[in-house]
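Chain A is already provided as a structure; the job is to place chain B on it using the hints.
Which chain is which? The protein sequence lines are A and B, in order. Under the numbering used here, the first residue of the first sequence is numbered 186, with each subsequent residue one higher. Under the numbering used here, the first residue of the second sequence is numbered 5, with each subsequent residue one higher.
FYI, nobody ran anything at the bench for these hints, they're computed from the structure. Remember, predicted model here, so these are calculated numbers, not experimental data. Please note: incorrect hints may appear among the correct ones.
To be verified - Subject to a maximum C-alpha distance of 30 Å in a straight line, what follows is the list of computed BS3-like cross-link-like pairs (lysine-lysine):
| # | chain 1 | residue 1 | chain 2 | residue 2 |
| --- | --- | --- | --- | --- |
| 1 | A | K320 | A | K192 |
| 2 | A | K330 | A | K320 |
| 3 | B | K187 | B | K147 |
| 4 | B | K574 | B | K366 |
| 5 | A | K270 | B | K14 |
| 6 | B | K150 | B | K218 |
| 7 | B | K366 | A | K320 |
| 8 | B | K763 | B | K732 |
| 9 | A | K330 | B | K22 |
| 10 | B | K366 | B | K349 |
| 11 | A | K320 | B | K150 |
| 12 | A | K200 | A | K270 |
| 13 | B | K574 | A | K320 |
| 14 | B | K187 | B | K150 |
| 15 | B | K349 | A | K320 |
| 16 | A | K270 | A | K207 |
| 17 | A | K330 | B | K14 |
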Amino acid sequence: MTESKHKHVSELLKKISRGDQKAADALFPMLHDEFLALARKFMSRERVDHTIEPTALVNEAYLRLVDQREADWRSKSHFMAIGAKAMRRVLVDHARSKGRAKRGGGMERIELREDLALSPGRYEDVLAVDEAIEKLSALDERQAKLVELRFFGGLGMNEVAEALGVSLRTVESDWTMVRAWLRNELGEDRAPRT
Amino acid sequence: MTTARYARVKELFQAVVKMDPSEWDTYLERECGKDSALRGQVQELLRHHRDETVLDLPGVEPRPRTRFTFPRGKGDSGSEYRLGVRRHRLVSMAILVLTLSLFGLGVRQLLVITERYEQSLHNALQEIVGLNAELLERWAISKERKLSWVKAHELRAEVDALVAAHREGGDSVSGKKSEQGAKLRQVVAALAPDGAGTQYLLVSMDGQVLAASKQREFLVGGRYSPRGAELIEETREGPAILPPFRLDDLIRVWPADVPVPEVVGYADRLYPVEQSMTELDREAAVASAMMIICEPISDRFWEGAAARVDAIDADVYAFNDRGVMISRSRYEDTAEVAALLGGLKGSALNLTLRDPGQLLTKGSVPGLEEQGRWPLTEIVRRARASAESEGPFSGVELDGYRSYRGLDSIGAWEWIDSLDIGVVVEAERKLALTHVRSTERIAALLLLMLLLLALAALYSSLAAERLFSKAEAGMELGQYRLLREIGEGGLGRVFLARHSRLRRLAAVKLIKHELLNEETVLRFEREVQLTCELSHPNTLVVYDYGRSESGTFYYAMEYLPGVTLAELIKAEAPLPVGRAIYILRQLLSSLAEAHGIGMVHRDVKPLNVMINHMGGEYDLVKVLDFGLAKEAHGDDLDLTSDGMVSGTPLYIAPERFLGEGELDPRSDLYSVGTIAYQLLTGQVPFDAPTRMELLLKVQNLAAPRVSEIEGVQVPSVLDELIQAAMAKLPEDRPSSAAEMASLLEELQRDYPWSQAEAKACWASREASGAGGKEAGDPRTPRPRG
Chain A
186 MTESKHKHVS
196 ELLKKISRGD
206 QKAADALFPM
216 LHDEFLALAR
226 KFMSRERVDH
236 TIEPTALVNE
246 AYLRLVDQRE
256 ADWRSKSHFM
266 AIGAKAMRRV
276 LVDHARSKGR
286 AKRGGGMERI
296 ELREDLALSP
306 GRYEDVLAVD
316 EAIEKLSALD
326 ERQAKLVELR
336 FFGGLGMNEV
346 AEALGVSLRT
356 VESDWTMVRA
366 WLRNELGEDR
376 APRT
Chain B
5 MTTARYARVK
15 ELFQAVVKMD
25 PSEWDTYLER
35 ECGKDSALRG
45 QVQELLRHHR
55 DETVLDLPGV
65 EPRPRTRFTF
75 PRGKGDSGSE
85 YRLGVRRHRL
95 VSMAILVLTL
105 SLFGLGVRQL
115 LVITERYEQS
125 LHNALQEIVG
135 LNAELLERWA
145 ISKERKLSWV
155 KAHELRAEVD
165 ALVAAHREGG
175 DSVSGKKSEQ
185 GAKLRQVVAA
195 LAPDGAGTQY
205 LLVSMDGQVL
215 AASKQREFLV
225 GGRYSPRGAE
235 LIEETREGPA
245 ILPPFRLDDL
255 IRVWPADVPV
265 PEVVGYADRL
275 YPVEQSMTEL
285 DREAAVASAM
295 MIICEPISDR
305 FWEGAAARVD
315 AIDADVYAFN
325 DRGVMISRSR
335 YEDTAEVAAL
345 LGGLKGSALN
355 LTLRDPGQLL
365 TKGSVPGLEE
375 QGRWPLTEIV
385 RRARASAESE
395 GPFSGVELDG
405 YRSYRGLDSI
415 GAWEWIDSLD
425 IGVVVEAERK
435 LALTHVRSTE
445 RIAALLLLML
455 LLLALAALYS
465 SLAAERLFSK
475 AEAGMELGQY
485 RLLREIGEGG
495 LGRVFLARHS
505 RLRRLAAVKL
515 IKHELLNEET
525 VLRFEREVQL
535 TCELSHPNTL
545 VVYDYGRSES
555 GTFYYAMEYL
565 PGVTLAELIK
575 AEAPLPVGRA
585 IYILRQLLSS
595 LAEAHGIGMV
605 HRDVKPLNVM
615 INHMGGEYDL
625 VKVLDFGLAK
635 EAHGDDLDLT
645 SDGMVSGTPL
655 YIAPERFLGE
665 GELDPRSDLY
675 SVGTIAYQLL
685 TGQVPFDAPT
695 RMELLLKVQN
705 LAAPRVSEIE
715 GVQVPSVLDE
725 LIQAAMAKLP
735 EDRPSSAAEM
745 ASLLEELQRD
755 YPWSQAEAKA
765 CWASREASGA
775 GGKEAGDPRT
785 PRPRG
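Extracted from the complex, chain A is given alone in its bound form (with noise of 0.2 Å):
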C-alpha cells in the first residue's frame, strides 16, 4: 500500500463526506478490485472448507486503505457502504461464473446470517440475497440499501444511519420489517414444505 494511494482514498472519503457523488464513483472501482483480488486468493485455494468472511474482508480493507489518522467515525460508514456494494458485486460474479448457481430448484435450503459467509458451494446463498435485494430496491430503495449494508458491509446499526443518512430509529424500524420479509421472501417459497 503505497503513501499516495492511501491519501487518495483518503482524499475521496473526505469528498464523499461532503456529498461528492464523482468521489464515490472512483472509490468504487477501487474496492472492487481491492476485494475481488482478495477473493482470487481464496477462491484459489478452493478448498470446501474454506470460507470468506465478506464483511471481515470489508473491514479489513478499510484498515489498510484508509490512514487511520486523520479517518472519523463518519468517513468510515461512507468506505464501508461503497465497500459493501463492490464486495456484494465480486461476490455474485463468482457466484454467477460457478454456474452452478442454478436457482428455482425449489429444494435448496437458504442459511443466512448477516455475516454473510461465503464457502464454494454455498453461491446459492450469495445469489438468494443479491435476487431479494433487487427485488425490494424496486419496492423500498432505502430497506435495499440496508441489507446490502447489513450483509455485505457487515455495518452497525449507527454506521448504517450514517451511511443512509437517516435516524437511527428509522433504521431499526427498517431492520424489522426488512428481517420478516426477507424470512418470507427467502424462506418460504424455497424451503421444502411439508
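Below, chain B alone, put in the same frame as chain A:
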C-alpha cells in the same frame, strides 16, 4: 406489488409490530377494511416477524434430531418431542448392520485362532513323533555298532566248524556238535561285552538251530518257523537289528514248559572265513550260518521320550508291522489296558493296537479272541498302508480317531522303514483341544450376547416406535378420547374420537411431530381460529384444538358419515343434473360465506368435499380444510412442495401458477367449475400422462365443453356456467360464489332433486356394497394435509 402498496404494507407493519399481538387483528381489520389482500400481506410479514437478528430461515429450522426425547410434563414444547422417526430407524439399522459385521468379523477371527491353534498342535505332534523316531534310529545304530564283535575271525572259525559238522549231518555227530557248541560258547564269552551272559542262537541257513547260549541250549536242533525265515530274509542285505519279538515266534516248536522271553535281537549272516578274506561280493557269497543275539526287551529296548504336547500328556509308543505294540505303554498299568492284555504282563509284544469301537472301561473289555476281530486303530492302519505303498512315512491325524483305549484322540505317526517299526504320538482329543474349545466357547458366547443385545436394542427401538404410534389411540386429548385411527395424511393422522362428556363422535387430527415448532403451532392456531369463524352448515365444523401433554398439536372436528366427492365421482359419475346442481349449490354456499370474510380456500378439490348422510338428510355437502390446507403447502403454489407432488394441478386455477398474483376468490370458482365438469361428465377436463403436461394444458388449452361430451345432456345454462367458471382469466369467471349459487338455485327449479331421490341413491350405494367396508359404518373425512 407497487412501491406505494409496499409503502402501505410497511406503514401498517411497523405500526402493528409495536402493538401487543392480541391487538393486531383488530387494528388490521380497521385499517385494511375491505382490502383483504393487504391484510394478508401484512399478516404474512407478521408471521415472519421475530426479534432475533439472525436469519435462520424456516426451511432449515426443524433440524432432524437423533436424540430421543421422551415426552415431558404439561406445557413443554412440541419441538422437544420431535422424534425423527425415520432417522431413528436408520440409526437402528446402522447399529444392526454394524453389529452383524462385528459378529462376522468375530467369527472369522475365531476361526483363524482355531486354525492357528490346530496348526501349532499339528506341528508339535509332528515334531515329537519325528524326534522319537530319530531316537529309535540312533538306538538301532548304536546297537549295531556294539554287536560288531560277531564278525570276529575266531568266532567265524568256530561257526565254520559247526556248519561243516551240520552238513555232514546226522545225529551221529551230535556229540561232536555239542563239543563244538561249548567251544563256541567260550569264544563268545571272550568276545562279547556281556561275556558269558550273552544270549545267542546260531542258525544254519537251512533253518536249524546249530548252537545256543547256555540258557537256550534246549533249542539246539529245533527249526525255524516261517517267521524266522522272514528274519533270515531280512538280513540278506547285511546285519539287521530285529524289532522286538517273542522268541517262540522264531522257533517252530517251543517247549511247553519254558516261558517265552521277549527280546530285541540282532541278526547277522556269517560267511566262511576264506570267503570274507577275499572280500567277495555278498551276492555271490554263500553264508555259512546266521548269528542272532537276543537281549531281554525290558531294559534294552528304546523307550519313547516322555512327551508333552502343549501341556497335555501324550502317549508315545512303537509298533511293528503287525500292529503289535513293541514298546511299553505308559498306560500299561491302567485297569482297562490290563484287561486288554488279558493277564499277559506288559504291553510290549502283547498288545495289538486295535480299535475297540467304544470307550474302554475295565468291565467292557472282551476276551482276547473277540479282541482279535477288532480292526487295527486307524492311525496304525494308515502307518502300515503308507509303509506298504512306500511312503509318505509320516502323518498327522487331527480329525480324531479312536485310540486302542477307545478314546477320541489326535496323533502323529512315523514309519521307520529300515527297522520296520512305526512310532506314534497320541493324545486325547478333548484334552488337547481344551484351550481352543474353551476359547471358542467363550468367544461364541460373547458373540451370541452381542447379537442378542443388538437384536434387543433393535426390537426395543422398533417397539418404542410402535408404542409411540399406538399410544395415541386410547389417548386422551383434552375432552377427546381417541378411539381408533381412521386415516393418515400429509399433516398427520386422523383418529375417530369421542367427547368425554358430550359423548359426541369427532374426528381428531394430530399434526405430525416433524411439522411442529413454535412458529407452525402458532400458525395452526391462527388458522383454526379463522376456520372457526365460518358457520355455514356446508362447512366442516372445527370443534376444538389444543396441545397434548407431549406437545402434539391437534384439532377436533365434525365426524362425517359420508364419502368424498372423489369417491362419489369414481363410483357414480356422471350424476343426474339435478343431483349435481344440488351438490354444487351447497359447495358454493359454503365458499360464499368464506369469501365474504376474505378467506380463500385455495384447495377446493373432490378430496376436500364430502357428501354425507347425516341428521336425517341425504347428500349433505361438507367442505373441509379451510385454511388448514394452506399451512401444509405454504402460501404460494410451489410445484415442488409435497402437497403438489402428491396432488394434481387439475383443480388449480391457471393464474395461481403464475405466483405473483394476489389471492382471488375466483380461483376457488375455477376449482368448482372443474368439479362440476367431472360430476356431470364423469371425465376430467384435461388429461395428460405427466404432471408437467397436465399443468401446461390447464394453462393453455380450453377444455371441451360439457355439452360436447358424448352422451352428456346438460342444460345450456349449466354448460355456459361451467365454461365460464373454468375461464383462464379470473375476470372472465362468474364474479362470486354467491352469484353462481343463485344461478344454480334458479336452475334447480327445472332440475329438482328431492330427498327421496337422494335416499334412493344412498340405498343403492349401500346395496351395491360400494358404501364401505363395514355395512352401515359411516365413513370419515379422507384426511389430507
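Hints, verified against the model:
With a C-alpha separation of about 37 Å, the suggested pair A/K320 and A/K192 falls outside the 30 Å cut-off, and the hint is violated. At most 30 Å may separate the alpha-carbon atoms for a hinted pair to count; A/K330 and A/K320 meet this at roughly 12 Å. Annotation: proposed proximity of B/K187 to B/K147 holds, straight-line Cα distance about 25 Å (limit 30 Å). This hinted pair does not check out: B/K574 and B/K366 have alpha carbons roughly 90 Å apart, beyond 30 Å.
With a C-alpha separation of about 24 Å, the suggested pairing of A/K270 with B/K14 holds against the 30 Å cut-off. The straight-line distance between the Cα atoms of B/K150 and B/K218 is roughly 21 Å, inside the 30 Å bound, and the hint therefore holds. Taking the CA atoms of B/K366 and A/K320, the gap is about 105 Å. The hint is violated against a cut of 30 Å. For the hint pairing B/K763 with B/K732, the CA-to-CA distance comes to about 37 Å; that exceeds 30 Å, so the pair is violated.
At most 30 Å may separate the alpha-carbon atoms for a hinted pair to count; A/K330 and B/K22 meet this at roughly 23 Å. Distance check on the hinted pair: B/K366 and B/K349 sit about 16 Å apart at the alpha-carbon level, within 30 Å; holds. With a CA separation close to 118 Å, the supplied pair A/K320 and B/K150 exceeds the 30 Å bound. Annotation: proposed proximity of A/K200 to A/K270 holds, straight-line Cα distance about 18 Å (limit 30 Å).
Restraint check for B/K574 and A/K320: not satisfied, since their Cα atoms lie roughly 46 Å apart, outside the 30 Å limit. Between B/K187 and B/K150 the CA atoms are separated by roughly 22 Å; this keeps the pair inside 30 Å, and the hint holds. Between the alpha carbons of B/K349 and A/K320 the distance comes to roughly 115 Å, so the proposed pair goes past 30 Å and is violated. Annotation: proposed proximity of A/K270 to A/K207 holds, straight-line Cα distance about 16 Å (limit 30 Å).
Restraint check for A/K330 and B/K14: satisfied, since their Cα atoms lie roughly 16 Å apart, inside the 30 Å limit.
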